[in-house]
Amino acid sequence: MAKRSAPEVNAGSMADIAFLLLIFFLVTTTIETDRGISRKLPPIPVDDIVPPIIKQKNIFTVIVNRNNDLLVEDQLMDLKDLRKAAVEFLDNGGGVGAEACDYCQGLKDPASSDNPDKAIISLVNDRQTKYGTYISVQNELVGAYNILRNREAQRLYNMDYSVMEKNFNDPNYNGNKVALGKHVDEIQNMYPQKLSEAEPKN
Amino acid sequence: MAKFTKKMGGELPAVNTASLPDIVFMLLFFFMVATVMRQNTLMIQNKLPFADQVEKLDKKDLVMYIYAGKPSPRYQQKYGTVARIQLNDKFADVSEVQQFIYAERESKREELIPYLTTALKVDVDTNMGLVSDIKQELRKAEALKINYTTRIGEVAKNLE
Numbered sequence: 001m002a003k004r005s006a007p008e009v010n011a012g013s014m015a016d017i018a019f020l021l022l023i024f025f026l027v028t029t030t031i032e033t034d035r036g037i038s039r040k041l042p043p044i045p046v047d048d049i050v051p052p053i054i055k056q057k058n059i060f061t062v063i064v065n066r067n068n069d070l071l072v073e074d075q076l077m078d079l080k081d082l083r084k085a086a087v088e089f090l091d092n093g094g095g096v097g098a099e100a101c102d103y104c105q106g107l108k109d110p111a112s113s114d115n116p117d118k119a120i121i122s123l124v125n126d127r128q129t130k131y132g133t134y135i136s137v138q139n140e141l142v143g144a145y146n147i148l149r150n151r152e153a154q155r156l157y158n159m160d161y162s163v164m165e166k167n168f169n170d171p172n173y174n175g176n177k178v179a180l181g182k183h184v185d186e187i188q189n190m191y192p193q194k195l196s197e198a199e200p201k202n
Numbered sequence: 001m002a003k004f005t006k007k008m009g010g011e012l013p014a015v016n017t018a019s020l021p022d023i024v025f026m027l028l029f030f031f032m033v034a035t036v037m038r039q040n041t042l043m044i045q046n047k048l049p050f051a052d053q054v055e056k057l058d059k060k061d062l063v064m065y066i067y068a069g070k071p072s073p074r075y076q077q078k079y080g081t082v083a084r085i086q087l088n089d090k091f092a093d094v095s096e097v098q099q100f101i102y103a104e105r106e107s108k109r110e111e112l113i114p115y116l117t118t119a120l121k122v123d124v125d126t127n128m129g130l131v132s133d134i135k136q137e138l139r140k141a142e143a144l145k146i147n148y149t150t151r152i153g154e155v156a157k158n159l160e
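Protein chains in written order, with the working numbering: chain A, 1 to 202; chain B, 1 to 160.
These are computed hints drawn from the structure, not numbers from a lab. Every residue, glycine too, gets a C-beta built ideally from N, C-alpha and C. Take these hints with a grain of salt, some might be off.
[What the hints assert, rightly or not] Pair ranges (Cβ atoms, derived): (1) A:G12 - B:D52: 46 to 56 angstroms; (2) B:K47 - A:D117: 30 to 40 angstroms; (3) A:L21 - B:Q77: 31 to 41 angstroms; (4) A:Q56 - B:R139: 18 to 28 angstroms; (5) A:P7 - B:L112: 51 to 61 angstroms.
[What the hints assert, rightly or not] The calculated DSS-like cross-link candidates involving lysine-lysine, where the alpha carbons are at most 25 angstroms apart (straight line), are: (6) A:K40 - B:K60; (7) A:K177 - B:K59; (8) B:K59 - A:K166; (9) A:K182 - B:K56; (10) A:K182 - A:K166; (11) B:K140 - A:K201; (12) B:K145 - A:K40; (13) A:K80 - B:K157; (14) A:K166 - B:K56; (15) A:K177 - B:K60; (16) A:K194 - B:K140; (17) B:K59 - A:K40; (18) B:K70 - A:K201; (19) A:K40 - B:K56; (20) B:K90 - B:K78; (21) B:K90 - B:K108; (22) B:K47 - A:K40; (23) B:K145 - A:K177; (24) B:K47 - B:K60; (25) A:K166 - B:K145; (26) A:K118 - B:K145; (27) A:K108 - A:K57; (28) B:K145 - A:K194; (29) B:K47 - A:K80; (30) A:K57 - A:K201; (31) B:K56 - A:K194; (32) A:K182 - B:K145; (33) A:K201 - A:K55; (34) A:K84 - B:K157; (35) A:K40 - B:K140; (36) B:K56 - A:K177; (37) B:K47 - B:K78.
[What the hints assert, rightly or not] Stretch by stretch, here's where chain B covers chain A in the computed footprint (C-beta under 8 angstroms, at least three residues): (38) 14-25; (39) 42-56; (40) 116-128.
Using the sequences and the accompanying hints, generate a full structural model.
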């Protein structure tokens with residue numbers, strides 16, 4: 001007698017099992033990309049380094065006390081005015097001769113910074129200051145640098161600085177990275193981020 | 001010739017569903033490879049502040065996470081209400097941060113070490129004293145690339 005072939009197993013329900021597994025994984029995995037303000041901490045100084053002498057006018061002091069009030073250059077200020085004040089300070093270009101700044105569009109006030117390369121923003125916190133206020137201040141100061149850098153990048157290369165930096169760090173970018181790197185460095189040197197944070201008081 | 005007779009029923013053969021699971025497994029493997037499981041369960045309250053000058057932290061494997069904030073209500077009886085640091089699923093002291101950084105560096109490849117960045121995910125209401133202590137420990141461990149993790153939004157909301 002001819003052997004009857006065994007009936008085929010119905011494979012339709014395999015798909016159901018697979019879909020269940022898939023839905024389980026879809027539901028339990030999270031694709032979290034965190035976003036945040038990137039900063040670079042200064043290295044711990046070696047003991048025998050002498051701090052260079054800096055003129056008072058080249059320092060922009062921002063002090064935050066335990067009540068989360070802002071004291072900018074010894075005057076009370078609201079958070080919303082901080083970005084504009086920082087931009088004015090950095091872009092001042094009050095220097096003359098060798099220290100003059102030819103790309104600054106500021107007021108050239110001799111009592112404010114000489115050129116952006118010498119301009120230092122000094123931030124002092126209190127130990128009881130809230131972290132939220134600290135981040136707001138950092139955000140406004142970083143925003144001030146970014147406004148100036150974007151302005152120069154638009155003027156020189158018709159592109160925003162933040163876009164240039166993103167492309168430079170992107171591994172899939174296919175343009176000329178060497179030239180882009182040089183442009184990014186050039187803009188960074190025009191407005192270097194000299195943001196110094198002192199140890200918080202008490 | 002007899003072997004090749006076709007049945008004259010006039011009905012279409014049923015669609016073979018045996019390859020459906022293969023398609024689904026391919027999708028499944030894609031998701032398993034492309035996503036990263038969340039590693040740490042937060043034992044602290046972690047309401048992040050708002051900011052708009054933010055950058056994305058894409059490379060998860062090059063990021064070390066330090067959490068700080070008040071313990072969440074479940075843990076408040078045991079650990080109190082003072083802000084604490086959490087490293088890798090358990091509470092830690094400020095002095096353990098350096099050790100944590102060295103341990104994380106050990107687990108990565110040599111050439112990736114300069115690209116490591118530390119993400120500080122700190123609650124809005126934490127005091128700056130704790131955050132400055134963490135930053136000082138990071139400077140001692142030479143982990144200088146940091147990122148303050150925030151949500152995207154208007155900065156004025158932090159002051160409420």
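Quick rundown of the hints versus the structure:
1. For the pair G12 of chain A and D52 of chain B, the supplied restraint of 46 to 56 angstroms holds, since their beta-carbon distance comes to about 52 angstroms.
2. For the hinted restraint 30 to 40 angstroms between K47 of chain B and D117 of chain A, the CB-CB distance of approximately 39 angstroms keeps it satisfied.
3. Judged by the Cβ atoms, the range 31 to 41 angstroms given for L21 of chain A and Q77 of chain B holds: they are separated by roughly 40 angstroms.
4. Evaluation of the 18 to 28 angstroms hint for Q56 of chain A and R139 of chain B yields a pass: the beta carbon distance comes to about 27 angstroms.
5. Between P7 of chain A and L112 of chain B the Cβ separation comes to about 56 angstroms, which falls inside the hinted range of 51 to 61 angstroms.
6. Using a Cα cut-off of 25 angstroms, the hinted pair K40 of chain A and K60 of chain B holds, with the two alpha carbons roughly 19 angstroms apart.
7. Distance hint between K177 of chain A and K59 of chain B is fulfilled; the C-alpha atoms sit about 20 angstroms from each other, no more than 25 angstroms.
8. Of the pairs offered as hints, the one joining K59 of chain B and K166 of chain A holds, with about 14 angstroms between alpha carbons and a cut-off of 25 angstroms not exceeded.
9. Using a Cα cut-off of 25 angstroms, the hinted pair K182 of chain A and K56 of chain B holds, with the two alpha carbons roughly 23 angstroms apart.
10. Restraint check for K182 of chain A and K166 of chain A: the C-alpha separation of about 14 angstroms stays at or below 25 angstroms, so the hint holds.
11. Of the supplied pair hints, the one linking K140 of chain B and K201 of chain A holds, its CA atoms being roughly 20 angstroms apart against a limit of 25 angstroms.
12. Distance restraint check for K145 of chain B and K40 of chain A: the Cα-Cα separation of roughly 5 angstroms lies within the 25 angstroms cut-off, and the hinted pair is therefore satisfied.
13. The straight-line distance between the Cα atoms of K80 of chain A and K157 of chain B is roughly 12 angstroms, inside the 25 angstroms bound, and the hint therefore holds.
14. Restraint check for K166 of chain A and K56 of chain B: the C-alpha separation of about 10 angstroms stays at or below 25 angstroms, so the hint holds.
15. Taking the CA atoms of K177 of chain A and K60 of chain B, the gap is near 24 angstroms; set against the 25 angstroms cutoff, the hint holds.
16. Annotation: proposed proximity of K194 of chain A to K140 of chain B holds, straight-line Cα distance about 21 angstroms (limit 25 angstroms).
17. The hinted pair formed by K59 of chain B and K40 of chain A meets the criterion: a straight-line CA distance of about 18 angstroms does not exceed 25 angstroms.
18. Proposed proximity of K70 of chain B and K201 of chain A is supported: the alpha carbons are some 22 angstroms apart, at most 25 angstroms.
19. Restraint check: the Cα-Cα separation between K40 of chain A and K56 of chain B comes to about 16 angstroms, which is no more than 25 angstroms; the hinted pair holds.
20. Distance check on the hinted pair: K90 of chain B and K78 of chain B sit about 13 angstroms apart at the alpha-carbon level, within 25 angstroms; holds.
21. Distance hint between K90 of chain B and K108 of chain B is fulfilled; the C-alpha atoms sit about 21 angstroms from each other, no more than 25 angstroms.
22. A C-alpha spacing of about 23 angstroms is found between K47 of chain B and K40 of chain A, which places the hinted pair at or below 25 angstroms, so the restraint holds.
23. Taking the CA atoms of K145 of chain B and K177 of chain A, the gap is near 23 angstroms; set against the 25 angstroms cutoff, the hint holds.
24. With a C-alpha separation of about 21 angstroms, the suggested pairing of K47 of chain B with K60 of chain B holds against the 25 angstroms cut-off.
25. Straight-line distance between C-alpha atoms of K166 of chain A and K145 of chain B comes to about 17 angstroms, which keeps the hinted pair within the 25 angstroms bound.
26. Straight-line distance between C-alpha atoms of K118 of chain A and K145 of chain B comes to about 23 angstroms, which keeps the hinted pair within the 25 angstroms bound.
27. Taking the CA atoms of K108 of chain A and K57 of chain A, the gap is near 12 angstroms; set against the 25 angstroms cutoff, the hint holds.
28. Taking the CA atoms of K145 of chain B and K194 of chain A, the gap is about 16 angstroms. The hint holds against a cut of 25 angstroms.
29. With a C-alpha separation of about 22 angstroms, the suggested pairing of K47 of chain B with K80 of chain A holds against the 25 angstroms cut-off.
30. Proposed proximity of K57 of chain A and K201 of chain A is supported: the alpha carbons are some 23 angstroms apart, at most 25 angstroms.
31. A hinted pair counts as satisfied when its Cα atoms are at most 25 angstroms apart, and K56 of chain B with K194 of chain A qualifies at roughly 23 angstroms.
32. Proposed proximity of K182 of chain A and K145 of chain B is supported: the alpha carbons are some 22 angstroms apart, at most 25 angstroms.
33. Distance check on the hinted pair: K201 of chain A and K55 of chain A sit about 23 angstroms apart at the alpha-carbon level, within 25 angstroms; holds.
34. The suggested pairing of K84 of chain A with K157 of chain B holds, with an alpha-carbon distance near 19 angstroms, which does not exceed 25 angstroms.
35. Straight-line distance between C-alpha atoms of K40 of chain A and K140 of chain B comes to about 14 angstroms, which keeps the hinted pair within the 25 angstroms bound.
36. For the hint linking K56 of chain B to K177 of chain A, the alpha-carbon distance of about 20 angstroms falls within 25 angstroms, and the restraint holds.
37. Of the pairs offered as hints, the one joining K47 of chain B and K78 of chain B holds, with about 21 angstroms between alpha carbons and a cut-off of 25 angstroms not exceeded.
38. For the region 14-25 of chain A, the stated coverage by chain B holds: 8 residues have a C-beta nearer than 8 angstroms to a C-beta of that chain, and at least 3 were required.
39. Taking a C-beta to C-beta cut-off of 8 angstroms, the region 42-56 of chain A contributes 3 residues in contact with chain B, enough for the three needed, and the coverage statement holds.
40. Check result for the region 116-128 of chain A against chain B: holds, 4 residues qualifying (beta carbon to beta carbon below 8 angstroms, three or more required).
When each numbered hint is compared with the structure, no violation occurs for any of them.
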